[in-house]
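Top line first, the protein sequences correspond to chains Z and W.
Read left to right, the first sequence gives residues 59 to 258 (the numbering used here).
Read left to right, the second sequence gives residues 59 to 258 (the numbering used here).
When chains are identical, the list treats them as one kind, so a pair holds in a single copy or across two.
In silico BS3-like pairs for lysine-lysine, Cα to Cα no more than 25 angstroms straight-line: (1) K109 x K83; (2) K83 x K99; (3) K99 x K109; (4) K197 x K186.
Calculated from the structure, these hints are not laboratory results.
Take a look at the letters that make up each chain.
There are 2 protein chains.
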Amino acid sequence: MTPTFSPLIDELIERLRCLPGVGPKSAQRMAFHLLSRERDKGKQLSQSLAKSMEDIGYCERCRTFSENPLCQICLQKSRDPAVLCVVETPADVLAVEQGSHFRGYYFVLMGHLSPLDGIGPEDIGLDKLSLRLAQGEIKEMVLATNPTVEGDATAHYIANMAKNHGIRATRIAYGVPIGGELEYIDSNTLAHAFNGRFEL
Amino acid sequence: MTPTFSPLIDELIERLRCLPGVGPKSAQRMAFHLLSRERDKGKQLSQSLAKSMEDIGYCERCRTFSENPLCQICLQKSRDPAVLCVVETPADVLAVEQGSHFRGYYFVLMGHLSPLDGIGPEDIGLDKLSLRLAQGEIKEMVLATNPTVEGDATAHYIANMAKNHGIRATRIAYGVPIGGELEYIDSNTLAHAFNGRFEL
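Okay, chain Z solo, but in the shape it has when bound (with noise of 0.2 angstroms):
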């Protein structure tokens, strides 16, 4: 018989597994450290998960998570409507906020292709996208989903769907990341790189 500690606490240890990069040890650890010292933060935190889990839905417009029918950046009026930014999470539309000028409004696809796990076009929302190209409105898709295979993949495919609707389709660009050393840059990323030099 292993030693454990009461039901309630290995309970407790239990389901803080279900964060992600938290094993036995970390969530022994973080159990013990509200018990501790932490007992009001652990109810407020009690109480966040719960709100979260139950009010939380998906942005009507752009697929993002959000409480209200609509998210923050699609209720802003002063964006540009004529460009349209395609990015794979929550967080990447986070990312674009704080590190571009992009002033335009989002296309969250909550995944991407992936056909081998059985995840088509509908399932990131693509039928909605199309309707939304058909409105006319947009002019530029900025296609900012991962530099990954799957992420690659699914952005030629939306391109070709803004091709059918006349619409100019952009993806960012593949280069050095600023910053980093040579040295330790992969050859795939150095090659797209060289290929994509320009005029100084």
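Assemble the complex: chain Z is given as a structure, and chain W must be docked to it using the hints.
Just chain W now, kept in the frame of chain Z:
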């Protein structure tokens, strides 16, 4: 203005940060993981947290965390009441149970003496321990506080208490950990290992 998610998501991310070792990026990852794929587990975690923060108190005998007046180990009749192992935390109880053949009872300090932080004998339950020693059932105390300056000081303090009650006090051995390489062991530990050498 830093871009953010919706207020509810921002709150969830902020509150996940009360967990030890969880920074802003991990908290964001945890929130999106639960929202995307594990809403049921998120709700279960919320319930466990609420119940644990509310219901878990301390064992009346050994001071470890327990939702009942007495913890599971203190309730076991088959243990040897003549030997008491003193440890700093509930996690240490589990470590001793897993790693030794100790079959006595425990006393959990929930910390160690630390005069600079204002933590004195009563804060780690030594008044309670003294009453228990006075009952005369305990013949030996194994002092298994951490091998740190504070843990050692605490062990010495408790050893003096034991002496006053005419009870034998022992300290777990210092030495080289099994499976380690001498090359990487600090000189202080190695000095202790040489002092504590034994006949083969």
